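Undergrad: These are the residues of each chain, in order.
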Amino acid sequence: MVSGVWQKDFPPITRATLALYAGASGDHNAAHIDSDAAKAAGFSDVFGQGMLGMAYMGQTISDTVPPERIRCFSARFVAITQLGARLSCTGRPVRKYEEEGEERIAINLEMTDQFGETKLTGHAVVAVGARS
Amino acid sequence: MSEADRLDSYIGHRFVPVTAMVEAGRLRFFHKAIGETNPALTKPDEQGRLPIPPTYLFCLEMLDAENPFAFTEELGVPIETILHAEQSFTYRHPVKSGDRLDFLARLENVAHKKGGALTFLTQRVDVTNQNGVEVAEIERTLVIRNGA
Numbered sequence: 001m002v003s004g005v006w007q008k009d010f011p012p013i014t015r016a017t018l019a020l021y022a023g024a025s026g027d028h029n030a031a032h033i034d035s036d037a038a039k040a041a042g043f044s045d046v047f048g049q050g051m052l053g054m055a056y057m058g059q060t061i062s063d064t065v066p067p068e069r070i071r072c073f074s075a076r077f078v079a080i081t082q083l084g085a086r087l088s089c090t091g092r093p094v095r096k097y098e099e100e101g102e103e104r105i106a107i108n109l110e111m112t113d114q115f116g117e118t119k120l121t122g123h124a125v126v127a128v129g130a131r132s
Numbered sequence: 001m002s003e004a005d006r007l008d009s010y011i012g013h014r015f016v017p018v019t020a021m022v023e024a025g026r027l028r029f030f031h032k033a034i035g036e037t038n039p040a041l042t043k044p045d046e047q048g049r050l051p052i053p054p055t056y057l058f059c060l061e062m063l064d065a066e067n068p069f070a071f072t073e074e075l076g077v078p079i080e081t082i083l084h085a086e087q088s089f090t091y092r093h094p095v096k097s098g099d100r101l102d103f104l105a106r107l108e109n110v111a112h113k114k115g116g117a118l119t120f121l122t123q124r125v126d127v128t129n130q131n132g133v134e135v136a137e138i139e140r141t142l143v144i145r146n147g148a
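Chains as they are written, first to last, in the numbering used here: chain A, 1 to 132; chain B, 1 to 148.
Certain hints may be false.
[Said to hold, decoys possible] With a Cα cut of at most 16 Å, we get these calculated EDC-like pairs of lysine to aspartate or glutamate:
#, chain 1, residue 1, chain 2, residue 2
1, A, 39, B, 80
2, B, 96, A, 68
3, B, 43, A, 63
4, B, 43, A, 68
None of these hints come from the bench; they were simulated from the model. Everything numeric in this text was worked out from a predicted model, so none of it was measured.
Build the full structure now, drawing on both the sequences and the hints.
TA: Quick look at the structure:
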């Protein structure tokens with residue numbers, strides 16, 4: 001678990017992706033689902049919810065680690081994700097250490113689009129074993 | 001009072017509490033929205049309960065809030081001027097479908113950067129379950145694009 005690189009690719013971001021995410025997440029901010037509202041706010045079109053990118057980043061972790069072993073997870077939203085973006089996430093375990101009586105691994109994460117532009121950076125800490 | 005001073009005066013402000021239900025049907029919709037097919041998340045445990053994806057606490061608070069945009073509206077900030085800057089979760093106890101969660105949020109910090117062009121608002125949310133167990137701490141930072 002501590003070695004190697006985790007990688008996950010995601011399907012292109014479409015208007016349907018953004019609409020489904022808005023409904024399922026409770027974030028009905030119109031800038032992500034209504035082109036008119038996005039333009040009125042100074043954007044060229046609707047753009048991806050930051051938390052959609054973070055949800056994808058979370059999948060990169062939970063594909064490898066059972067969700068109940070994730071101890072903390074944070075992200076910085078570096079750039080806006082445009083329509084059509086093909087996101088991929090890499091996770092790099094960087095450190096293994098003891099904390100609160102269990103063995104933990106720290107992971108650095110990065111989400112980029114097909115042009116290599118960084119959209120999110122992230123950090124997570126996971127437990128190697130189940131909490132006793 | 002300047003806009004910066006006005007926002008600073010809100011540090012420590014407590015937002016309207018939110019109570020949210022973790023529901024299996026809404027979780028399945030969320031799985032569909034993000035393309036989640038991992039059985040570790042989509043398959044119920046022996047008690048028929050589903051775990052939640054790592055970012056789902058953020059969603060629950062918005063799904064069941066009377067006003068999902070209270071964070072900006074209670075501070076008098078127009079939503080079209082803000083972007084999400086940072087988000088973090090610290091998980092203390094597993095959350096499963098069937099749980100009822102209380103979200104208690106307060107404004108932790110206000111920071112002015114780039115000569116006042118950007119204002120960062122950091123909110124801290126403590127989440128407890130129906131048994132009074134602290135399940136998570138959430139921090140979210142929004143950035144106001146002043147003049148946008």
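Undergrad: Confirm or reject each hint.
TA: Do the hints match the structure? See the list:
no.: 1; hint: A/39 - B/80; in the structure: holds, 10 Å
no.: 2; hint: B/96 - A/68; in the structure: holds, 10 Å
no.: 3; hint: B/43 - A/63; in the structure: holds, 14 Å
no.: 4; hint: B/43 - A/68; in the structure: holds, 14 Å
Checked against the numbered hints above, the structure violates none of them.
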